[in-house]
Amino acid sequence: MTPTKGTALRTLKASDGPVPNAAAKPRRVGHRPIRSLKNGFQRLSLWRGSKGQSPLALLDGHRPMIPELGHFALALAVALAFAQGVIGVFAPGLRDARAMRAAPALALSHFLAIGAAFLALIYAGMVSDFTVENVANFSSSLVPLIYRISGTWGNHDGSMILWCFILSLCGATVASFGGNLPASLRARVLGVLGLVSGGFLLFTLTVSDPFTRLWPPPLDGAGVNPILQDPGLAFHPPVLYTGYVGFSVAFAFAIAALIEGRLDAAWGRWVRPWALLSWCFLTSGIALGSWWSYYTLGWGGYWFWDPVENAALLPWLSGTALLHCAIVVEKREALKAWTVLLAIATFSFSLSGTFLVRSGILNSVHSFAAAPDQGLFILVLLAVTIGGSLLLFAIRAPVLAATGIFAPLSRESALVLNNIFLCSIAAVVFTGTLYPPFADLLFGIQLSVGAPFFNQTVLPLTAPLILAMAIGPLLPWKRAALRPALERIWLAAVVAIVVFLVMTLRSNAVTALGLACGVWVVLSAMSDIAERIKLFRGPIGASLSRLRALPRAAFGAALGHIGFGVMVLGIAGMTLASQKVVVLNPGQSTELGGYTWTLNDIHDAPGPNYTQRVADLTLSEGGKPFLTLHPSRRFFTVQKVITNDAAIHTNGFQDIYAVFADEPAGGGAELRLNRHPLAPEIWFGGLIMAFGGFLSLSDRRLRVGAPARRKASKPVLA
Amino acid sequence: MKRYFLLLVFLPSLALAQMVTRDGVTLTAAQEQRAEAIGDQLRCLVCQNESIEGSSASLAKQLRIIIRQQVVAGADNKTIMHYMVQRYGIFVLLKPPLSRLTLLLYASPFIALLIGFLSFWLARKSRIPGPVPLSESEAARLEKLLDP
Amino acid sequence: MTNRRRLLFGVPLFVAVASGAGFYTILRRMQSQTYDPHALPSPLIGHRPPAFNLPGVANQAGFSNIDLAAPPRPMLVNWFASWCQPCMEEAPTLVELAKIGIPIWGIAYQDTPAAIATYLGLYGNPFTRIATDSSGLTAINWGVYGVPETYLIDRQGIVRWRWAGALNDAVLAQQLDPLLDQYS
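Protein chains in written order, with the numbering used here: chain A, 455 to 1172; chain B, 812 to 959; chain C, 247 to 430.
Please note that the accuracy of each hint is not assured.
Okay, derived cross-link-like pairs now, DSS-like style, lysine-lysine, Cα gap no bigger than 30 Å in a straight line [claimed, not checked]: (1) Lys936/B with Lys785/A; (2) Lys932/A with Lys988/A; (3) Lys1034/A with Lys1094/A; (4) Lys1034/A with Lys1078/A; (5) Lys932/A with Lys936/B; (6) Lys936/B with Lys1034/A; (7) Lys1094/A with Lys1078/A; (8) Lys785/A with Lys988/A; (9) Lys785/A with Lys932/A; (10) Lys1094/A with Lys872/B; (11) Lys872/B with Lys1034/A; (12) Lys872/B with Lys889/B.
These are calculated hints, taken from the structure and not from any lab test.
Required output: the full structure, derived from the provided sequences and hints.
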């Protein structure tokens, strides 16, 4: 640092504390980027100004400048991202080893730059700096601190910064934890990530800049949308975006493989943790979003086939197919072209989701304000990214040599069947979501495609999927005989059939089928584990020791399937939900679901930025009260919006759900009362799936001991 | 025992004969079920992607009332749907009617499955090469070996 | 590797390019306002308005569908309400249109006479006749799903155009003026 007027650099003395002696070894460019970062931070933290101020004190008196610093950091990030992109993609081709080692350092610097911009925007929101237009439009000083922070990404511009931040985090993670990758592959992966980041950062900087200033600043901001002032929704975008954007790593791996012309077992082993991590986050994000809409929107719905929900489901479906394909590539070196295509498709679906939400093309409850100009910019980005990658696929995919041959009945075939059904569901959801705008374009008619269509087309396709999911893990690789596999799951099949018959008599065939499918999946996953530890085939002690020795990935996979089965049980249970809309006066009761619901009274309860009317309900069964609920209606003063705060009580196997819908002019309260059997299972299932994924990730085998690369049969186009 | 069995069979229908009030209209539970089924098929036009059953908008409430009044009056489902489409167009239907223009939409699951199985089959065919047919001299040699 | 198999690898690219071209066209249309994904086509277009007979309000006569059967020149029917924000925004445009000589008849949707009178006093009164549909049932018969909505009725009494939302100069220039010329 050059000394500026008024401050003087102090030389570091031994008494200042431990400083790593960087003069001991010659510095190598790009090598050990984390170590040099740590050095840099330590030096900076020990630096003191002429009056002994800490580095952060530099900001005193300059705090209004923090958004400008953030703006500058954003611009810097664009430059660094493109540098990372160009160097990463071209250095391996030029066989420049030093340049290849620069890519991880650039990725980390790029991450720091966009991180600084992100923090600057959060800071502006925290201190309610209304000279920043984004804060003035989407925040207010009356809002609690946590929602001022989470409101950063509750609008279009801020959410783009979050998107870019997570994209850079992916690059930084590959740079830091990708030490086991060959240098050329790592450089190419970082290069692709850099180019994609650069494009989106450029979009953010030029068209949707959150750091634009507003002068004179308003006295107070327009406020955070009351719907967004909720803990569940505060976490939903970061988790979901991590899932969306995380698949960029798998995408980058696929592009790198196409450029290199080589896709082998090692590649499958390397890509699996990245795809799995993104998948876990995406599963959690979707489950969180669904749970949030369940307890917020007030009538017990949890999935609406809203276009933006579909946009999140599409990468999940192809991501699940990708995960399973990567296993086949790793174990059997087959299905290579499928895997590459799925990796490209998953990230393409993520990008298309971004595009569709922000362009205003779709009729959706989630859409940000329609902006066709921004939509065009993103469309150009998509054309380059998706078009370019698919062009590369069309040209280079035939080069990937497939070696694994498998019989029509084998684990590979079951996985292929699984993929075909997952991709068919994705195709149906994609077609249904985009049919309205395209029908208007091509035929000039305006129609709408909603939940009834999707329910009737998607649910029949999940039945064969569930069949394949249950049998697949029990089949051996390469060639299987049907009888031994059937012998292993006869118990699960029998229980499922019994459940189906019993529930058909008690309710209806569709619900019974759903419950039977859920039971079938859960029990067959357990049968898989039981089979592996040879339960009941030998002494119990031997089985237990096998259980302890079983790798975590096996549990992870079983939990993934069990989680899905539990979710199916939850969805089937919800079809038996009972609902009643009733107007009660204080003291009156009504019956629903075997319980007596009594309204005790209605009273006021003001909040920080809203006034509130609360209804007190008591539930009794057989004359004995066992539960009180307090559903409420909130009136937000700034935005003049009314929200209904549902009261939900869960015992793990059913939800009791009450909404204070309205206060009619004649007095009393209009209440919507629901009983939802097995509803919590929907989200437990999602959590179990995500947990299974995280468990698999913690398996050491995934991180260590990648198989040695085979010598390439063709000359490597490095 | 027979009494209890009969009760089990008739209990659901007894429940359906109860009177309920929804949005100020009183109707039997069976009629309410039918009205809800119709409402689930209709889009709330002032909301984004909700049906008129789940929406709290006043227009949705008005349409719900109209549907229930018509159900009580005995109109069948087709008439009520036609009433709505006549006024708001087919956009109000959450599931578009099957026609020449929506054929692609309804065929999409079948087309997707077809493409999936086709590409799998083609991939298998190219991966397992059939035996190269024998040339004439080779065929003659084979005959000689088999029939000495 | 057969040529047919090579072609198969190009299918995803083809699908992506076709979709991209489609999206591009849609976005361009949205920019020029010829396509609005949130707009509904009105089934009334090409037909006569449904039967109704609404009383007047604010000291002006109401009207019925018979009054709309054969207007001397193309006219507008504007659905509005005093509690509706975009109605206030389009009020100056309507006043201008009335000044040019285009007859505008208004229907107040789910409103009270006092509020209507106040609204007209504040934002101007471009209406030759004003009816009031306090229940909203006539609106449902017209296929009205929000306010403001404006309908163009030609000399034969047939509805030719519906605009949902506030009228602005761009809409007038691009859509209404050509139709007025066409049906004059």
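Hints the structure fails to honour: 6, 7
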